[in-house]
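Construct the entire structure; sequences and hints are all you get.
Heads up: the sequence lines are chains A, B, C and D, in that order. Going letter by letter, the first sequence gives residues 0 to 102 in numbering that gives the first Met the number 0. Going letter by letter, the second sequence gives residues 0 to 208 in numbering that gives the first Met the number 0. Going letter by letter, the third sequence gives residues 0 to 168 in numbering that gives the first Met the number 0. Going letter by letter, the fourth sequence gives residues 0 to 386 in numbering that gives the first Met the number 0.
If you are wondering where the hints come from, they were derived from the structure by calculation, not from laboratory data. Glycine included, C-beta positions come from ideal geometry on N, C-alpha and C. A portion of the hints provided could be inaccurate.
Below, a sample of chain C positions facing chain A; criterion: calculated Cβ distance under 8 Å [claimed, not checked]:
no. : residue
1   : Asn1
2   : Ala11
3   : Val16
4   : Cys27
5   : Tyr42
6   : Ala101
7   : Gln109
8   : Trp138
9   : Leu149
Read off the chains here:
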Amino acid sequence: MNIPLGHYLILAAILFAIGLAGALTRKNAIIVLMGIEVMFNSAILNLVAFWHYKHFAVPTAQLFAMFSIGIAAAESAIGLALVIAVYRHYKSVDVDEMRALKG
Amino acid sequence: MNYPGKGLVAGLAVTARNFVGSYFYKDRLITVQYPEERVQTPENSRTFPFLVYDESPDKPRCTACKICEVECPPKCIYIVMDRDEKGKPRQQPKVFDIDISVCMQCQICVEVCPFESIKMDNDFEKSKYGRFNDLVQHLPDLLKSNAYYLKIKPTEAAEVDAKLKAETEAKAAKKAAAAAAAAAKAAAAPPPAAPATTAPPTPPSGAAT
Amino acid sequence: MNIAFWIISAVAVLGAVLAVTLRNLVHCVLALILFFIGIAAHYFLLHADFLGTVQILIYVGAVAILILFAIMLTHNVTGTDGPRELLGLKWWSGAAIAAMLAVVLTRAIQGDKLAAALPAGDRAQSSVAEIGKALVGGWVVPLEAIAVLLTAALIGAVVIALEEIRKSR
Amino acid sequence: METLYPLLHATFANLPDWAVRVAAFLIPIAFIFAVYPAIFALTTLVERKALGRIQNRYGPNRVGIFGILQPLADGLKILVKEDIVPRVADKFTHFLAPVLIVVPGLLVYLVVPIAPGLVAVDLKIGVLFALAVGTMSVIALFMAGWASRNKFSLLGAVRAVAQVVSYEVPTVMAGVAVIMAAGSLSTLTIVERQSGGVLNISNWYVFRPWGLVGFVLFVIGGLAESARCPFDLPEAESELIGGYHTEYSGFKFALFQMGEYLAGMAMAGVTVTLFLGGYLGPGSGTGLIGRLIAMLWFFGKLAGMIALNIWIRGTWPRLRVDQLMGFAWKILLPLALVNIVAVGFWHFLTPRPVAWMVTTVWLVVWVVVLTKCNASAHLEKREYRYV
Chain A
0 MNIPLGHYLI LAAILFAIGL AGALTRKNAI IVLMGIEVMF NSAILNLVAF WHYKHFAVPT
60 AQLFAMFSIG IAAAESAIGL ALVIAVYRHY KSVDVDEMRA LKG
Chain B
0 MNYPGKGLVA GLAVTARNFV GSYFYKDRLI TVQYPEERVQ TPENSRTFPF LVYDESPDKP
60 RCTACKICEV ECPPKCIYIV MDRDEKGKPR QQPKVFDIDI SVCMQCQICV EVCPFESIKM
120 DNDFEKSKYG RFNDLVQHLP DLLKSNAYYL KIKPTEAAEV DAKLKAETEA KAAKKAAAAA
180 AAAAKAAAAP PPAAPATTAP PTPPSGAAT
Chain C
0 MNIAFWIISA VAVLGAVLAV TLRNLVHCVL ALILFFIGIA AHYFLLHADF LGTVQILIYV
60 GAVAILILFA IMLTHNVTGT DGPRELLGLK WWSGAAIAAM LAVVLTRAIQ GDKLAAALPA
120 GDRAQSSVAE IGKALVGGWV VPLEAIAVLL TAALIGAVVI ALEEIRKSR
Chain D
0 METLYPLLHA TFANLPDWAV RVAAFLIPIA FIFAVYPAIF ALTTLVERKA LGRIQNRYGP
60 NRVGIFGILQ PLADGLKILV KEDIVPRVAD KFTHFLAPVL IVVPGLLVYL VVPIAPGLVA
120 VDLKIGVLFA LAVGTMSVIA LFMAGWASRN KFSLLGAVRA VAQVVSYEVP TVMAGVAVIM
180 AAGSLSTLTI VERQSGGVLN ISNWYVFRPW GLVGFVLFVI GGLAESARCP FDLPEAESEL
240 IGGYHTEYSG FKFALFQMGE YLAGMAMAGV TVTLFLGGYL GPGSGTGLIG RLIAMLWFFG
300 KLAGMIALNI WIRGTWPRLR VDQLMGFAWK ILLPLALVNI VAVGFWHFLT PRPVAWMVTT
360 VWLVVWVVVL TKCNASAHLE KREYRYV
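Shown next, in the form of structure tokens:
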């Protein structure tokens, strides 16, 4: 494969920026979570790219990526549970409307 | 002995028995290979009405009296009486249409027919390709012989036949009695010819009397 | 294999862009699934086969389904289009921040010596056996920690989602 | 590709290298696209005939001799049918769902070996790939149910998703037992580990205590994942009209049927590979004749598994939704975990008879415990006043 490492890093950077844009611009809490997932994935892609090009002799980077995926799964579960709880309370998933600290 | 899944295994055994058995024992199979094999339809089953004729299709029992046309709840019967050149009614239908897409098989036409002419068929193979005109049954389709009626509904047809026979015999006996009375009268008076014993002129003579 | 990289990258970027811009929530999730599959394909391309299948199993098989269920529990299920959220002040500022980040990161990567120095080539070979040995060998404590974390997250999610039901009854 | 290439290279040495490469790439794809849909077509006929015999009927026997052309007639009929898309449906998603539903089923066959060395792609993570790709059908099911804008469709889709996600867990766990015993994720290696023994048969994993349990778990999970009969709640005709494919007609509906059958057959193929020794059997070997016999063995076992599916479909009633979920989480999942421990016993207890005894006792005890714990309330025999 003749693709240099830089290509993967730039791809991951673009994906990260897209995820960030989604998390910043959208009002819907679920889409904000999805933007965060996109950022997570681009970061893990970085990890795997570095593993492929530099540290391919040891599987450590893959383990790290696996743990990241596991944590991301836990994070999304908790996040979505929070969204559901918030929705029950406010009857809305608009992040701009969730201002009150008091329930 | 009781073990988990016992009922499931028993069910599997039953179906396996059916599967194998159906290849070896013909009598297990409950379906009939329809166009080749047929089951006798029950005598009381009915589909759509048909018209009975006795000797030939030219002379149906129907007299085009239009009682059934009037009584039919969904109004699926259409009758035009046959007339000769002079416009005199010929006591038989010229047009007799039944729209079987409308007919609801209620058998009321059969109940009201005074001449035992319209009866319920049990022929169910009447599907057609067209939706409208193909489903209208005309006189030639409707006319079926008394022998056919006897074949599909033996007991009912036999009863009807017995009743008709009794009626004609009663009529003949009455006619004979009337003729005898007339003859007795005529014996005193001038003797005319007595041709009034044949069946066809009965209705006019009945109407005349 | 270069073509594969470009196609898969295009698919992943398209999926990501659609996932954060479409108005219909369910469409967003479907685009996100496209993105996940693109990332998994990249893993296969990088010879991290095991990670690729893990990505499909966890992200496509579990996280995406979780999001879909969350949508059906919160939003109206028929997924009518949401309000048009584009072109407000918030949108412009968010997009500007993201664009600046992308530009900065790209410039940094292009100027980076390590990325330029590493040769391109197919030397990496993923070995599932090695990953397995590492997982139950030196990395057994992090593995167990992840297991505990996942269990805690599971229980926590159930508790958070159930609380309001108990109150409302 | 990697497995067919050396074979072709050795056989047709005078061909140019690129031609051999292209052939090695295209032949497995063509094979998968031709053979498995053909088996699907045949299965529909065999299934209808077998179900008929189970119910003491004839089954289809009119089109061609013994009704052999019935699948062709069905296909022609369904091709000329009108394709109706609901006015309010999400057009693109509605169109995409039936296309996507066929893909996972076909992808699984990539890693199912049909003869020694004959597998489309010998992935190092073959089993995991098959199981991961199998989950992707969920997305297509959800798309179909959601895009139809129909309550019944959506309910069916939600049921399908919940069911597939739940049954995925015990199925993968049952597969893990085999992976542990074989020490590899490659399907070819797993099959090779089952060779030897009496007539090439006695070493199949199904003839181990943990293998038998795993086989039962895997078959049940496979039935549930492909929504076959006792678990066909997503398309329960009596409750949900047709489930997620209520709003589909014409060829799209046919694609749904095809996707379901392909997924079911794929699960059967994976089951054969993992537990029934794949292509192994008396006479299978690496020569040309040996490979042909091996293929016969594989497709024979596949046919056996399909027959088992049909038999089960003709016999067992459909589960209730709560029974379905309870069965997955309260019985199958603990049993799968216990089974993994049993494989551990099998691996570490050295004299074989001891291992046999310990694993058998362990599994039997747990099966008894699980059934006792989950036994439904005992109902008194009801007396009827008017019989």
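Comparing the hints with the structure gives:
1. Asn1: 6 Å, holds
2. Ala11: 7 Å, holds
3. Val16: 6 Å, holds
4. Cys27: Holds, about 6 Å.
5. Tyr42: With Cβ-Cβ at 6 Å, under 8 Å, it holds.
6. Ala101: 4 Å, holds
7. Gln109: It holds, given that the least Cβ distance between Gln109 (chain C) and chain A is near 7 Å, below 8 Å.
8. Trp138: Where the cut-off is 8 Å and the nearest Cβ of chain A is about 6 Å from Trp138 (chain C), the hint holds.
9. Leu149: 5 Å, holds
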